[in-house]
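Asks: Here the protein sequences line up with chains S and B, keeping their order.
All you need for the working numbering is the position in the first sequence, starting with 1, plus 264.
All you need for the working numbering is the position in the second sequence, starting with 1, plus 1.
Simulated from the structure, these hints should not be mistaken for lab results.
Hints should not be assumed to be uniformly reliable.
Stated by the list, open to error - Label pairs and their in silico Cβ distance ranges: (1) P76/B <-> P639/S: 36 to 42 Å; (2) A276/S <-> G15/B: 35 to 41 Å; (3) E134/B <-> P568/S: 50 to 56 Å; (4) R66/B <-> G685/S: 16 to 22 Å; (5) R419/S <-> A172/B: 43 to 49 Å; (6) A276/S <-> E215/B: 32 to 38 Å; (7) G15/B <-> R419/S: 35 to 41 Å; (8) G15/B <-> R431/S: 46 to 52 Å; (9) G685/S <-> G241/B: 54 to 60 Å; (10) S39/B <-> P339/S: 36 to 42 Å.
From the three backbone atoms N, C-alpha and C, an ideal C-beta is built for every residue, glycine too.
The lines below spell out each chain.
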Amino acid sequence: MNRTTSRRPPLALLVSAVVGVVVLALPLVYLFVRVLDAGDAAWAALWRTRTLDTLLTSVLLVALVAVGALVLAAPTAWLLSRTRIPFSRTFMVLTALPLAVPSYVAAYAWIALFPGMEGIWAAALVMSLCTFPYVCIPLLATLRSMDEGPEQVARSMGLTRGAVIRRVVAPMAWPAAGAGLLLVALYTLAEFGTVSIFRVDAFTRVIYASYRASFDRTAAAVLAVLLVVLALALVAAEARARGRAARWRIGPGTGRPVDPIPLSGVGRALGLTWLLLVTGLALALPLGSIAYQLMSSQRRAFDPSAFVGAVAGSVTSSTMGAVLALLIAIPIGVVAARYTGRWMRSLEAGAFVSHGLPGVVVGLSLVFLTLAVLPAAYQTLATLAFAYAVLFAPKAIGATRSSVAAVPPELESVARSLGRGPLAAWWTTTGRLAWPGVAAGGLLVLLTAMKELPATLMLRPTGFETLATRLWSRTEVEAFGAAAPYALGLIALAAVPAWLLSRWLGSRSPGSVTGEDGDMVPSSATARAEVPA
Amino acid sequence: MTSVHVRDLVVGYGGPPIVRAATCSVDSGGFLAIVGASGSGKTTLLRAIAGFLPVTSGTITLGDRLVDGSGVCLPPERRGIGIVTQDGSLFPHLTVARNVGFGLPRRTSADGTPTRERVAEMLDMVGLADMAERSPHELSGGQQQRVALARALAPRPDVVLLDEPFSALDAGLRTELAAEVRELLTVARTTAILVTHDQGEALSLADQIGLMIEGRIVQQGTPEELYQRPGDLGVAAFLGEVVLLPVIDHGPDFVTTALGRVALDGASGASGAAADRLALRPEQFTVAAAGEGAQVSGEVTHVTYHGHDSMVDVRLVDGTPVRIRVLGTGGVHPGDAVSVGVRGLGRLL
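Please take these sequences and the hints and turn them into a complete structure.
Replies: Laid out in structure tokens, this is it:
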């Protein structure tokens, strides 16, 4: 029997899935409608010099961060995979950990230490340090799993070690690194907190400023549309790159890994210095800065009741968002896992439109939408939860899809043949086996939503605070000591999805089949749709 | 226990139908094997009988109960049909005992047997009484299939459908388990339909075989009927090797070929254009050292040794190639001059 049935899904399921996709696409569609409605005004806003400036700034920032991430990642990955550097296992863990520091938290930590930091170079430095694991982890896995054959052949043809890296290793590792770089670019494009802290006039900051200024909302909408177009192009490129990387995959167990080369004393010293420098800047410096702020600030700078309130705010809004995301995601994920055909595929693709959408865009379009259609919903908890659902539902869809797909549909058939009705059969087999993965997807949405900043700032009810907004407002007034507990709380929250993501990035590269991969299914399932928040 | 009748069944997945006007039936307590190449529609037919696929047209009847056709489409859970899939499809989250008890009521069956006893009885029957509390992943492939069979039989279904249940097992185990399953089904007196692409399995297990080609059951009959009196060359070739001899002259109940006169099977099917070829099985030939009484001489060109038997390729004096099955090596070698004869009846196809 086939893994998927090409039968039509039950009507109720199909309707829920279609409604879910429509709901997810609603904010984006409304934004486009709004811009088209504005007509000439929108056209004029598009051709302002400020638009071009913003575009150039964003593109430059993305390029700088991408180059920075590659420069940090490539030598690190090579040292850890191809040389006998001491403490390689420890450094492998340490180089993945920067994913646990949301970049606006790192930006806060840096500026608390160096209050004069500002501008595009400062933003590029901090964001490169935060995002280089997106490149480093898949690169490391690829380098480790490469078969020794091609390199030996190249050496036997007279190439030097350096020439082998340039002409054989680099081209073979490029798909993995390239896919990672696209994730870095998407993250950078969508990042709001860091560019604002360093006063870089990239899309996200300019859109937020135009929205706050409130007399120029058409301009904000036009910029948001431009930003969406750029982000969608990157999402499409990332999907293509992933497909290409998969084609390079060589069946597991076909090759022998390359023997790592021993390092001379000098080589070892240089290598260790590099690794210490990278992990020091990416990890020790932000954590140290936060610890320093915590200890040096006066006791009265910390307000326990405000902290508890912020935690409660984060938990409430994110839990609502996660529940809503799951409600939307489950029918879509089930349809995507169980039914094939062009219709079903476009349904899933439609749901992924919001995948990688910048928070600032969803925030802005929901401001427009609530004010135009349902003013009572403007700046309410429900709207905020809806924004989280739109932003992060793709994670829950991915989790549902892979958890359900991992359950053979024959189990349901067998349960039916043993006398269970359709729903009971689904619930005792597929439902029972898939729910842990689905729940993990919901948890991932919850944790990711807790770190969300721009949409939260735009949509939260007046006076409503989360960890992220508290950190933001304290940093804005340069109350760095008071911000420190919130920074620490956010890092603790971010550690869980970061851990899942690092396992996923490492596992999707060719042939990284290790002993632990047997239990990869649930965690890779949940991390499948993980994308920069 | 009930009979199954499938009439003019058409089933598809929305595109062109996969099963096109298939007709077959099995008596109460019988064992029908549906044989066919992969892609011939056998699994689709099975899924339709189980109720997992709506039928486009045609009917499926269990005993006197119409379950598909004329606007009727009984859901799978109300058909009383057990299924055993290729890989067993055991529920990975349940123990062996809970798998077997899945289709049973919580405490007591309708006939008064406590569920626990029924499960024990079934596990005992498949020889896995001491595995009750194991998880499916702790069992070997053969054990998993036994549990799947016990699970399917536990609710005393009228019919059991077996979808290539032995194909995932290695050769030795396959034959052993197949014989065992046949025995269990006979004892349980359950009607069974087996789908397989292995004609040997079908010939040795079933009491009826339906051969499926491109969505149709082209012929149904006992294994002997299908093997010895195939309706056409396709059926003949699917169930075993066929040797075709050009017909030189037609007699009333015989034909003349390069090997002389061969008596025809009375009910010989084909006629007309195709009727100038005589079909024989390789084991219908005799081969002996040259000059030893048999009819026609030839030269051995090739011998393929299989252990218990060998295939001997012989080119007759007039150039006709024939393939002959002999026990052991048959004592011949390439290059030997031999005499070839025919026994039994031939068929014109």
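Asks: Look at the Cβ atoms of G685/S and G241/B and judge whether their distance stays inside 54 to 60 Å.
Replies: violated (45 Å)
Asks: Does the beta carbon distance between P76/B and P639/S stay inside 36 to 42 Å, or does it fall outside?
Replies: violated (49 Å)
Asks: Just to be sure I understand the hint, the distance between the Cβ atoms of E134/B and P568/S should be within 50 to 56 Å; is that true here?
Replies: holds (52 Å)
Asks: Check the following: the C-beta atoms of R66/B and G685/S are separated by a distance inside 16 to 22 Å.
Replies: About 19 Å separates the Cβ atoms of R66/B and G685/S, which means 16 to 22 Å holds.
Asks: Is the gap between the beta carbons of R419/S and A172/B within 43 to 49 Å?
Replies: holds (45 Å)
Asks: Given the hint of 46 to 52 Å, is the C-beta distance from G15/B to R431/S inside that range or not?
Replies: holds (50 Å)
Asks: In this structure, is the beta-carbon distance linking G15/B and R419/S contained in 35 to 41 Å?
Replies: violated (55 Å)
Asks: At the C-beta level, are S39/B and P339/S separated by a distance inside 36 to 42 Å?
Replies: Once the Cβ atoms are compared, 52 Å apart, the range 36 to 42 Å for P339/S and S39/B is violated.
Asks: Cβ-Cβ distance between A276/S and G15/B: within 35 to 41 Å?
Replies: Roughly 20 Å apart at Cβ, these two residues miss the hinted range, so it is violated.
Asks: Given a hinted range of 32 to 38 Å, is it respected by the beta-carbon distance of A276/S and E215/B?
Replies: holds (37 Å)
In this structure, the hints that do not hold are numbers 1, 2, 7, 9 and 10, in rising order.
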